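A.B. asks: So you can see what is in the structure, the chains are spelled out below.
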Amino acid sequence: MTPNPKTRLYRACEPNEPIGPDDPRHVNFDEVRGDNVVSELANTIQLADENSPKCHLFPGHRGVGKTSELLRLKKLLEAATFHAVMFDVQDALDVNDLDFPDLIVYIAAEVQRQLKDAKLPGFSPSTTLLKRWWDELLGLLGSEVSIKEAELDAGFAKLALELKNRPTARAELRKKIESRTSSLLDAVNDLLDLAGVELRKQKRAGLVLLIDGLDKLVLRQLDHGTNTHDRLFHDRCEQMAALSAHVVYTVPISMIYSPRCANIEQTFGAFHKTVAMIRIRGEKKGRVNSKTLGMQKLWEMVQLRCKHAGVEMAEAFDVEATCHHLCEMSGGHPRHLLMFLQSAIAKIEALPITRKAAERAVRDYRNSLQREVPTESLPLLRRFLEPQLEIPKDERHQQMLFYLHVFEYMNDRQWYEVNPVLRELIIPDA
Amino acid sequence: MSDHFALFVAVVNRPAVRDSLIRELAASVPDLNFSTVRLSESTADPLDDVLRQAGSPPPGPVMVVDFNAALPSDAAYHPILQALNLRRPEWPKAIPHPVIFWVPEYAFTLLAREAPDFLDWRSLTAFFTDATERDLIPLRSDAWNQGPNTNFTKPQREARIAELESRLALDGMNENDRRILTARADWLNELGLHRWHFGDLEKAIESFRQALVACRETEDREGESAVLANLGNAWADLGDMRKAFDCYERALVLSHEIRDRHGEGVALGNLGCAWAELGESRKAIDFHEQALTISRETKDRQAEGHGLGNLGNAWADLGDARKAADFHERCLAVTRKIRDRRGESAALGNLGRAWAELGDARKAFDCYEQALAVSQNIGDRRGEATNLANLAVEWAGLGDFSKAIDLSEQALAIAREIGDRRVEGGVLVNLGEAWANRGEVRKAINFYEQGLAIVRGIGDRRVEAEALFKSAVPLRKLGQVDDAIRRAEDALNIYNQIDGPHTELVRRTLAQWRSATSS
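Those protein sequences? They're chains A and B, same order as listed.
For the first sequence, the working numbering gives the first residue as 1, with consecutive numbering after it.
For the second sequence, the working numbering gives the first residue as 1001, with consecutive numbering after it.
Don't take each hint at face value.
[Claimed, not checked] Straight-line distance between alpha carbons at most 27 Å, and here's what the computed DSS-like set of lysine-lysine pairs gives:
(1) A:131 with B:1477
(2) B:1337 with A:175
(3) B:1154 with A:131
(4) A:131 with B:1363
[Said to hold, decoys possible] So, partial list: chain A residues that the calculated Cβ filter (under 8 Å) puts toward chain B:
(5) 128
(6) 165
(7) 166
(8) 167
(9) 169
(10) 193
(11) 201
(12) 382
Keep in mind the hints are simulated off the structure, nothing from the lab.
Only a predicted model underlies this, so the values are computations on that prediction, with no experimental measurement involved.
The C-beta atom is built at its ideal place from N, Cα and C for all residues, glycine as well.
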C-alpha cells in the first residue's frame, strides 16, 4: 500500500540528505547566497599550477547546504576532467573529538579505496611506502589492536574505526600514530603523486580531494586553553595543507572568526569563500516579505519537495502564508526549513499543514534553543536583531555562529543577523 | 738507570705498542731485572699491588701497566688515585728503583687531575702516540627534497628501489607534461639516494644526472640544488673530489640565488666534509660552523646533528680527541632523538674512534660494535665496511693480529663490492700494518703499495702520509734504508702541509734514522 501524502511529504523533507546537482529536488541558490562560491572554486582549481596544489577551506554554517554545494563542485570538476575523491569524515570518525591522526588515517583509507575502485590504468594503491608504514605501526600497536585485514586500505579503514569506537584507547592509539605522522603523510603523498601522474598520462587534469564533515567538529574546550577546532585547524594547518593534490576541506564557520584566523590564513591562503545563508531580506537589507528573491527560492525548494512527494502546494499548506511563515522563520537556513516542515507534519492528523502546526513547530525549536543559549550571551545577541556588518572575534561569538544563534549572510560583503527563532527570546518585553 | 726511586710516566694508548716498547727497553739494558706489575679492578692501592707482585722490595725497575682496568673512565672519582697521593712518601722507601707508569691518554688526564701531588714527582713524561688512522665517517647531508625519511631497513629499501624503477620505466614517463616531469625528478632523486645508501655509487650517479635533467626542464631550481648536493656526495664517496667540489659549489651558488637557507646549509656542510678529506681541517671547521648556525636558524635537527658530528671529526683530525668525543656525544643524542639511523651509526663510529684516541679501549669497542650492528641493520654497506675496519684496528691495538686481519679482509671485500675506494685504500694500509706486526715483511710491503696507489688516486693525503710512513719501517728492516728515509721524508712533507697530530712523531723517527745511518 503506497504511503499517504502526509507520509510521502514527510519523507521528502529529510533534512540530512544532501541533494546532488542532478537531483530533481535541487535548487541553485547562488544568486541569494552571495557569490557563486562553487563555480569560482572550480575555476580556481582549474587555473592552478598542477605542480603546486592548493588547499581550500569551505566554510559555512552547519546545514547551510555545503554538502550539496560540494556535490556541485564535484560535478564541475569532473566535467573539467579532474578525478574527484570525496568522502565525509562522519562516516568513520567521531566528530566530538576528531584530531589530526584520525584524519590522516582516514584520508589514507579513503584515497586508497576510491582510487582502487576507480581502476586507473597502470595504478595500484598498494605502495611500498604505505605497506612499510603499516607494518611499522602494527609493530608498535602490538597486541592492543587486532587488525588482520588482507587489503591495506581495509586495514586503514579498520584503524579509523578503532579510533572512533574506543575513546579510552584513543589517546594511546593517537600517540603511536602521531610518532609516525610525517612518514604517513609522505606515504600518502607518494600515492597521490602516482595517481596524479597516471591521470596526466590519460590527459586528465589531475586529482582533487573533497573532504566533507569537518564542519561538524564539535567545539569543545580542552586542557591548556585550547579547543577542538584550534587543535586541528590551527595547530595542524601546515600538515593539512601539505597534501600532494588539490584539497577542499569543509570547516566550521566559527573558524573564520577565530582569533587565530590570521595564522590559519597564512597557510591555507586568504581566500575563504563562505557558503552563506540564503538572504531572505530584500534589496539593501530591506524588510523580509514573500516577494524577495531569497524567499522565492525557498518557496521553490518547498515546491520541489512537494512535487517529489506527488503533493500539490495547495494540498500541503492551508494558506500560502503558512509556508511563507516557515520560510521566514528559517532565516534562510535550508535544513531548518526542512526540519520545521517535518516537525509541523508530525503535529497534524492529515495534510494540510496549518498555521497553528507551523507556529508550534517553530516554538518547539525555540524552546530547545532557549536551553542552549548561555544567559550571558543574551544581551550580546540583542545587537544582532538588526543586520550587523561586524562580529567580534571572540570565543562567545564564535559559539553563537557555531550553534546557529547568529547567521552569516553575504551581499558584497558579509553581514550578520540573529536566528529569527530567537527574536522573541531576546526582545525585552514591551 | 739509577738505583733509587724515580717516577716516569709513559703515555701510550695501545697495549700492543706498550708491550713492544717494554720489551725493547728491557732488551736494551739486559743487566737490570725488570718487573711488570698489572693493576686490576680490585686494586685499592697500587703500592700494595707492586710490593705483592714484584716483591718487597722489587729487585729492579718496575713497569706498572693496565691502568685501564683500575681507572674506569666513567667513574666519578677514583679511590686509587687518592691512595697514590696519600701514600706518596712511602714509595721511595719501599722501592729503591725507577718506576714507570704506562698509562693511556685519558688516564693521564685523570692522574693529573686527581693525583697531582704524586704526579709532581715525576722526572719525565714520554708520549708515544701512534700514527694509525682509523677511518672517520663524515656526515654528509643528503637532500631528500621533502621525500620519505631515511629509516629504511634493507628489505624495505630494496622494495622501494624496485618500485621506483618500475614507475620510471612505465610508458608516458618521458612526456613533457610538467606534472610528470616533476614526479620523474623526485623519483630519480630518491632512487639515487637509495642506491647511494647501499653504496651503488655508479648507479646512484646515473640517477642523479637524470634527475638534474628533469629539474632543469621544469626550471625547479630548489630541486636542482638538492640533486647537486646528492650528486656531490656520490662523487666524494667514489673519491673524485674535484667533481664533488664542483657540484657542491654549484649547489651553494644556486641556494644563495633562490634564498634557500636549508640548501645553503647542506652545501656548506658538504663542502666542509670535502675540505676535511683533503686534510684542511681548519677550513672544514669554518664551513661546519656556518652550516651549524644555519641548521639552528632553520630548526633542522638532522642538519644540526650532521654539523656537530662533522665538527667532531675536524677536531679529531686536529688531534683534540676530547673535544671530538664531546661533539660526537652530542651528535649521537640528536640522531637518536630524530631516529636518523645512518647518522646514529656514523656518530657511534666516530665516537668510538675518539675513545680509541683517548685510550679507552672498552668504550671504543662498545661504540664500534653498536655502530656495526646499526649499519648492518639498515643495509648501509659503506658504514658496515668502515666499522669492520675500525674494529680491526682495535684488535690490532690489543695485539690480536689474526682477528684484525680477518675483520680487515671482510671490510675489504665489502669495499670492493660497492666500489668504495676510500675504505678500500684505508683497509689495505691497515692490512699492511697487521702483517708487519706478524713479522711478514714482504706481505706487508705489498699491501702498503696497493693501499698507496689507491689513496694517491683519490687524493686522501692523510692516509697517504700514514701509508708512506708505516711502509718505511719494514723497508728499513729489509735493509733498504735509503728508500725508507725517502718515504719518511715524503710523509713528513705531507704532514707539514696538512694539519695533523703525527708530524712530531715522524720528525723524531726520521731524525733517529738519519743519525743511525751517519754513525
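A.B. asks: Taking the hints in turn, state whether each one holds.
C.D. replies: Against the structure, the hints come out as follows:
1. At roughly 61 Å between alpha-carbon atoms, residue 131 of chain A and residue 1477 of chain B are farther apart than 27 Å, so this suggested pair is violated.
2. Simply put, residue 1337 of chain B and residue 175 of chain A have alpha-carbon atoms about 16 Å apart, close enough for the 27 Å limit, and the pair holds.
3. A distance of roughly 15 Å separates the Cα atoms of residue 1154 of chain B and residue 131 of chain A; the hinted pair therefore holds under the 27 Å criterion.
4. For a cut-off of 27 Å, the pair hint linking residue 131 of chain A to residue 1363 of chain B is broken: about 38 Å separates their Cα positions.
5. Interface restraint check: residue 128 of chain A against chain B, minimum CB-CB distance 4 Å, threshold 8 Å, status holds.
6. The interface hint given for residue 165 of chain A is broken, as the beta carbon of that residue sits about 31 Å from the closest beta carbon of chain B, more than 8 Å.
7. The closest approach between the C-beta of residue 166 of chain A and any C-beta of chain B is roughly 27 Å, which is over the 8 Å cut-off, so the hint fails.
8. Using the Cβ-Cβ criterion of 8 Å, the hint placing residue 167 of chain A at the interface with chain B is not satisfied: the shortest such distance is roughly 29 Å.
9. Taken as an interface hint, residue 169 of chain A does not check out: its beta carbon lies about 25 Å from the nearest beta carbon of chain B, beyond 8 Å.
10. Given hint, residue 193 of chain A at the interface with chain B, holds; its Cβ is 5 Å from that chain's nearest Cβ, closer than 8 Å.
11. For residue 201 of chain A, the shortest C-beta to C-beta distance to chain B is roughly 4 Å, which falls under 8 Å, so the interface hint holds.
12. Against a cut-off of 8 Å between C-beta atoms, the interface hint on residue 382 of chain A is violated, since the closest Cβ of chain B lies about 48 Å away.
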